[in-house]
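Engineer: Throughout, our numbering is defined as the position within the sequence shown, counted from one, plus 1.
If you're looking for bench data, these hints aren't it; they were derived computationally from the structure. Note that the structure is a prediction, hence the values are computed from the model and not measured. Incorrect hints may have been included.
[Stated by the list, open to error] Here are the computed lysine-lysine pairs in the DSS-like style, where the Cα-Cα straight-line distance is at most 30 Å:
no.: 1; residue 1: Lys264; residue 2: Lys510
no.: 2; residue 1: Lys578; residue 2: Lys425
no.: 3; residue 1: Lys510; residue 2: Lys610
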Amino acid sequence: MNHKYLTPFVLGGLLLFPAAGGSAAEVPSRKEISIDSQWRLDHIYPTDAAWEEALASLPSQAEAVSAYQGKLGESAEAALAALQARDDLSQNLSKVFAYARMNLDTDATVGKYQEMQGKAQAALAQAGAAISFIEPELLALPPETLTSYQKNPLLNNYVVYFADLTRQKAHMLTPAEEKLLAATASLSTAPQNIFGALSNGDMKFPSITDEKGETLALSEGRFGSLVRSRDQKVRKDAFETLLKTYGEYRTTYAAILSASVKKDGFYATQRKYSSDLEAALDPNAIPQEVYTNLIHTVDQNLPLLHRYVDLKKKALGLSEIHLYDLYVPLLDDPFPPLAYEQGVATVEAGLAPLGEAYLADLKVGLNSGWIDRYENKGKRSGAYSWGIYGVHPFVLLNYQGKLDDTLTLAHEMGHAMHSYYSQKNQPYPTSDYTIFCAEVASTTNETLVLQHMLKNATTKEERIYLLNQMAESIRSTLYRQTLFAEFELYIHETVQAKGGITADEMEAKWVELYKKYYGTEIVIDEVVKSEWSRIPHFYTDFYVYQYATGISAALALADGIQTGGEPARDAYLNFLKSGSSADSITILKNAGVDMSSPKPIQKALDQFKWILDELEKELG
Numbered sequence: 002m003n004h005k006y007l008t009p010f011v012l013g014g015l016l017l018f019p020a021a022g023g024s025a026a027e028v029p030s031r032k033e034i035s036i037d038s039q040w041r042l043d044h045i046y047p048t049d050a051a052w053e054e055a056l057a058s059l060p061s062q063a064e065a066v067s068a069y070q071g072k073l074g075e076s077a078e079a080a081l082a083a084l085q086a087r088d089d090l091s092q093n094l095s096k097v098f099a100y101a102r103m104n105l106d107t108d109a110t111v112g113k114y115q116e117m118q119g120k121a122q123a124a125l126a127q128a129g130a131a132i133s134f135i136e137p138e139l140l141a142l143p144p145e146t147l148t149s150y151q152k153n154p155l156l157n158n159y160v161v162y163f164a165d166l167t168r169q170k171a172h173m174l175t176p177a178e179e180k181l182l183a184a185t186a187s188l189s190t191a192p193q194n195i196f197g198a199l200s201n202g203d204m205k206f207p208s209i210t211d212e213k214g215e216t217l218a219l220s221e222g223r224f225g226s227l228v229r230s231r232d233q234k235v236r237k238d239a240f241e242t243l244l245k246t247y248g249e250y251r252t253t254y255a256a257i258l259s260a261s262v263k264k265d266g267f268y269a270t271q272r273k274y275s276s277d278l279e280a281a282l283d284p285n286a287i288p289q290e291v292y293t294n295l296i297h298t299v300d301q302n303l304p305l306l307h308r309y310v311d312l313k314k315k316a317l318g319l320s321e322i323h324l325y326d327l328y329v330p331l332l333d334d335p336f337p338p339l340a341y342e343q344g345v346a347t348v349e350a351g352l353a354p355l356g357e358a359y360l361a362d363l364k365v366g367l368n369s370g371w372i373d374r375y376e377n378k379g380k381r382s383g384a385y386s387w388g389i390y391g392v393h394p395f396v397l398l399n400y401q402g403k404l405d406d407t408l409t410l411a412h413e414m415g416h417a418m419h420s421y422y423s424q425k426n427q428p429y430p431t432s433d434y435t436i437f438c439a440e441v442a443s444t445t446n447e448t449l450v451l452q453h454m455l456k457n458a459t460t461k462e463e464r465i466y467l468l469n470q471m472a473e474s475i476r477s478t479l480y481r482q483t484l485f486a487e488f489e490l491y492i493h494e495t496v497q498a499k500g501g502i503t504a505d506e507m508e509a510k511w512v513e514l515y516k517k518y519y520g521t522e523i524v525i526d527e528v529v530k531s532e533w534s535r536i537p538h539f540y541t542d543f544y545v546y547q548y549a550t551g552i553s554a555a556l557a558l559a560d561g562i563q564t565g566g567e568p569a570r571d572a573y574l575n576f577l578k579s580g581s582s583a584d585s586i587t588i589l590k591n592a593g594v595d596m597s598s599p600k601p602i603q604k605a606l607d608q609f610k611w612i613l614d615e616l617e618k619e620l621g
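Full structure from sequences and hints, please.
Structural biologist: Next up, the structure:
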């Protein structure tokens, strides 16, 4: 089943268009980055040798878990021992995997780190097979035995776990079948791996001419800055060149994505779900109405998006507006570059409404080796947070002093503090939070910092820029990700009904959705039909909708924190401490947001309307 055990827990910002890095000559080597600006991976293992020792201990730990096979029904004590052995294995494996992966992410050119990552990946698969018997064996027990385990004080830390298992009992297979499915894990990732190999390895993009008239080899990394160029020709060339290149592989990408969807359908069928959507949502107890409410509510508010497109067209002085025009800000960034320490100060000021205790804990994280701050050669682009139980969270940045970098710091520290509080207040079995809740804390932080900066803006230009930033966040996360969610539902339902899907069908649906979402005012260029092929999120079934629900919940919570006083703040902090101690809907409801209703979605879209009103006032 889809449980957290043995699953690396990594969270990153929604990087729709990753920012471009500097030229190789401008980027320092890892050795040139000061130790004080690097994260402290020695907090996980003091040396690589210690990591090797931990890796070597994993097979015996896996065997220790396997030794309980056939014994889980003997007593509550036996069940507890097996679950604790599994948890010990999971904790140690997560540390082994994190140490290898984070070292690799700081410098992918180091062969040793590549080798370590390969070993950790192999250990992950082996451990998955070793523990695969536990859940089917528990669910095969007589109902009265399982009920007695749920009520036994010895198993208090596993009450939620047992309740979750019982709820999913109808979808469990026999121990032998579960072991067989577990053994297919490496095969199930093939479509995603092939997508990555083609997109990030084999695919080569032509060169374009930048604003300075210089020839520049296009890449996914550089695309982010080019599509935001003030020069429309540059962003047009970047957009068309990128998507035309993807379009040349349309049949291949259609085959890869179709295979991925068929894989999802296979697992859904084997587990006796009625649909791929049900199979994806059920492990986290998310009602399907959450998904359909999101699409319906956004559909009802598409006129607001059409209004935003028209506003941007007029503000940029365009005779016609294209999709590649949406990413350029209304104004150039009016804020001076912020040194890292200044970015930290801005984040701290913005998060002051969360109270002194939160700020004190935040400062610990900012100053205790949690964060890898700056870009270096071979370092992974973008940003993420990684929580490790028993150690502390880690945050990867590529801080360059722009406003976006300050907001990214706020975002990733939102993830980190969520992990910190959950792991501090929950036992290991309930210490992780679901992906459904994951983007809430990060986006709440980002929203609070933006609201603080807007309140303290000193010029009209600063206010317009920040309002545009807030509008783009809702457009690119709530509207765009819901468009993705609607497309994803279509391709899964098509494959389920017909057994496959073609590039022509995907292209037609993609263009249809863009016309519906963005209205008649925007020009949908021919190349747009290929954009679906570059979206990696489609290889994790029904994942993207959570960005849209996450920002909706976050906007509602940020508003509550600002206006609801101490009770609203305390409810939010309790949310951060809850981990997975209840289902996601209940945890968020306790914090003051009911995601089973469309109200938070509508409230977020009402805020979008307010932002448009303010922008129109400022622009005259």
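Engineer: Would you mind marking each hint as holding or not holding in the structure?
Structural biologist: To see whether the hints hold, each was checked on the structure:
no.	hint	verdict
1	Lys264 to Lys510	holds, 21 Å
2	Lys578 to Lys425	holds, 8 Å
3	Lys510 to Lys610	holds, 28 Å
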